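Undergrad: Residue numbers (our numbering), protein chains in the order written: chain A, 1 to 520; chain B, 1 to 417.
Worth flagging that the hints you see were computed from the coordinates, not collected in a lab. Note that the structure is a prediction, hence the values are computed from the model and not measured. It is possible that part of the hints are untrue.
Claimed, not checked - Take a look, some chain A residues computed to stay more than 12 Å from chain B by CB distance:
(1) 148
(2) 315
(3) 316
To be verified - Interface residues of chain B toward chain A, partial, derived using beta-carbon atoms under 7 Å:
(4) 120
(5) 152
(6) 155
(7) 156
(8) 160
(9) 302
(10) 309
(11) 339
(12) 390
Note that beta-carbon positions come from the ideal geometry of N, C-alpha and C, so glycine has one too.
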Amino acid sequence: MTSFDAIVIGGGHNGLTAAATLAKSGRKVLLLEAAGELGGAARTEEFAPGFRVSTAHLLNRLHPEVVRTLELEKHGLVLPKGQLAPSIALSRDGKPLTLHGAYGESLSGASAPEAAAWQELRAQLLRYAGILKPLLTRRPPDLGNMSLMEISAFAMTGLSLRRLGKEDMRDFLRMLLMNVSDVADEHQEDDRLKGLLAFDATLGSHLGPRSPTSLLGLYYRLAGEIGAQPGAQALPAGGMGAVVAAIERAAKAAGVSIRTEAPVAKILVEKGRSVGVVLASGEEIRARTVVSGINPRSTFLDLVGTREIDTGFVRRIKNIRMKGDAAKLHLALDRPPEFLGVDAAGHRGRLVIAPSADHVERAFNPAKYGEFSPEPVMEITLPSLADPTLAPDGACVVSAVVQYAPYALKEGWEAGKPKFLAAIMARLELFAPGVGKLVRHAELLTPADIEARYRMPGGHWHHGELQADQMLMSRPALGAAGYDTPVDGLFLCGAGSHPGGGISGVPGLNAARRIIEMRG
Amino acid sequence: MSKTAAKPLAEQAIVQAAHSPAQLHFRTLRVDTPFQPRIDALMKTNDWYDWGGYRAPASLWDEELEYFAIRSQAALFDISPMVKYRIEGPDAESFLNRLTLRDVAKLKPGRVHYTAWCDDAGHVLDDGTLFRLTETRFRLCCQERHLPWLLDSAIGFNVTVTEETEAIAALALQGPTSFAILREAGFAGVERLKIFDLAEFPHDGGSVVISRTGFTGDLGYELFVPADLALSLWDRLWQAGELRGIRAIGYTALNRARLEAGLIVANADFVTAEHAIRADRLRMPDEIGLGFMVDLEKGHFNGRRVIAQARSKDTLQHVLVGLEIEGNIPAEHAIVYHRQKKEVGLVSAAIWSPMAKRNIALASLQRPYGDTATDDLWVEIYAMRELKYERLMKRAKVVARPFIKLDRRTASPPAEF
């Protein structure tokens, strides 16, 4: 029997990244995936005969250090540097606003003063997101126990703050915990633009644009980049599955052994140290290091078990807020839909239905009380336009992230799902008249479905709300924020850890670096 | 009395609709125990104190004689205010093993052990006694309230935790004639109880759990009954004890006996983790003499990681020791010095021990003093003598606890006296 130095649980893109990085350091690594296919929510799957789609549909934050460390371009990753997808803020009157290039390097459909104001705001937002960016690839500060290296790294963040100049630094600090709606109101007039910013800042979190700290979500979004272009986004050729495939090839080339359909039932702990895993089949596999790329709550409460960890830590893990608010809609259409006033290039971009910040706020309101938005907001892509292999000839795939769909819907999702689907289709019809008649098949994944399909508790793609109180040294919880955990030899490497979710690979990379540093 | 004096709280009209009866608890500032009618009838000194919200006697008639009742007769002490939890279920043993320091698998049904529990940082939350009533049913007795901690500790275990402080009344019967009284009272088979044994006995249509335990270092028992059987149990003991010198006692007397026995009291000799405000007041088991409980071999328990680390890295800060101090002036709350100069700790409890005929104390010292450095220790006693402090610097010697050891405590079968 082969013996392994490290076992990675979960073959999502972060688990794969951690496994590949560890294997490149010379470790013998086994990666275990519960499903039949790797990639988690980034895998590309058939949802109707001949139609394929990934739940994660936009590439906007795959980290350059991950690309470089794993040599992903050598392993078949095609970074669509030249073909950035525009963002189109749809409008019912057929006059959308388009953000071209990397997050609106230029605008079309806006007045000249509005466009000028936007250039200023955009530059400011990117400047401030750039200050936070170095924190992403760093281990969160361990307040009690910082090494000289770590302290100096944080001092560097302070330094780049100083380089901003006094006035800019003051504004950075003033805005840090503001809500996105107030910030947008300070600079912009155009409801379409403000609606788009409001939508982007709150996407994937339980916040409305007027909720305090909602601007952080936009910073997180803008800290992502493609090919050194901050804020850029693209539809990956072959779907997100192609990105996963490149990481998988890198992992295999580094010598990672991969087993699918191998769900882990238990992490073995002996005298406070993890010593391996037991599969659902009963098979026991031992290794010096166990790395969990799955949800932190599942990791500790289900796999490790409360017997092996302390009560206070259990409390903190249980208190992680992770009830998702985003649903995912997949439509198989007879032919591509036509969105009002959107040109061919626009249809290959990201189409956003969020008519105003107020509209987003109103969509959020019912979610606070366990009801879905009667007029939901959404971002839509048509992946088959960029990659025709995703749909039969002439047909089209629609992929939309829709908010707000609270995980704990009061009436229950069994009753609520058809109603919510009808509400979404009604909205789509307003912006793309006739789309309803083209639908060959519709698949709506509520947070409950996402939870079941991808083993994401709460159906939350960040594996824990990405808000100020669950960031940095509080992510996922005190005691496990530095990738190492209270159980010796057990590490976390998923989106539940710093910096958070999205297809970035950063938690996986950071975790692997920590393990190597600790000689785990 | 002034005309405008407010009515006593209890007589004020209360807006009932908005409150459940439980919400009105604050209108009775000190509640009574089920034994209160008997204690009130015996109370001569009106010397009450607050024990966890209960009206409890500090003394009833004479604290000196009450102490001697413990040592030469039989003393009856109401321990109903002690916090009690019922812990039951198939996972009760593993739940308690994760919660507490000692190995509960070694505690057989019908046995009791003294234990303690810690938070994640290895700081002691409380100490107490754990009674194993059956394979799957336990009673945990302690000083402070812990229900939220116990319930959160039960996550992932098939176990129920119930607060039963009010539902269960309890008495300590301590002293040389305590066994004879129980036998006289007709508890057949009570002679079979060895130290730390417990058994159930019929009483007044129900039953009473009697354990050979106590807080005095003497021969003695503790008795637990449902609250509605409390008074008949008191009467049964009182009657049986009439010719055996049974006396009701208060805490002052008990406190002397426990100090002679070298036993510590939470929030008197150490500050429990949830009460401590200052970071340097927190204590690990090894720092309050409870290191013997820590079982690093039994599997995981709360605080294990930090306790093991503190031991291996030798970062323990404090030590709790027994002191014998020259002279006969109790050194209560005196500062402990090394070479009469360097302040190294504080006495938390001290008496002149009538049994040991020594001046004894418990003290918390800063390591290495009291641990590896035990020479040249002194206590500074300020004795108030007619409005003037006499400052005494007395030599102190670290000595083993308990300060007294009575063979009758553990003798089996117990002696009659």
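Undergrad: Determine for every hint whether it applies to the structure shown.
TA: Structure-based check of all given hints:
1. 148: holds, 20 Å
2. 315: violated, 5 Å
3. 316: Residue 316 of chain A not clear of chain B: closest Cβ-Cβ about 9 Å, inside 12 Å.
4. 120: Holds: closest Cβ of chain A sits about 4 Å from residue 120 of chain B, inside 7 Å.
5. 152: holds, 5 Å
6. 155: holds, 5 Å
7. 156: This hint holds: residue 156 of chain B lies near chain A, its Cβ roughly 3 Å from the closest one there, short of 7 Å.
8. 160: Constraint on residue 160 of chain B not satisfied, violated at 16 Å.
9. 302: Holds: closest Cβ of chain A sits about 5 Å from residue 302 of chain B, inside 7 Å.
10. 309: violated, 10 Å
11. 339: violated, 35 Å
12. 390: Where the cut-off is 7 Å and the nearest Cβ of chain A is about 46 Å from residue 390 of chain B, the hint is violated.
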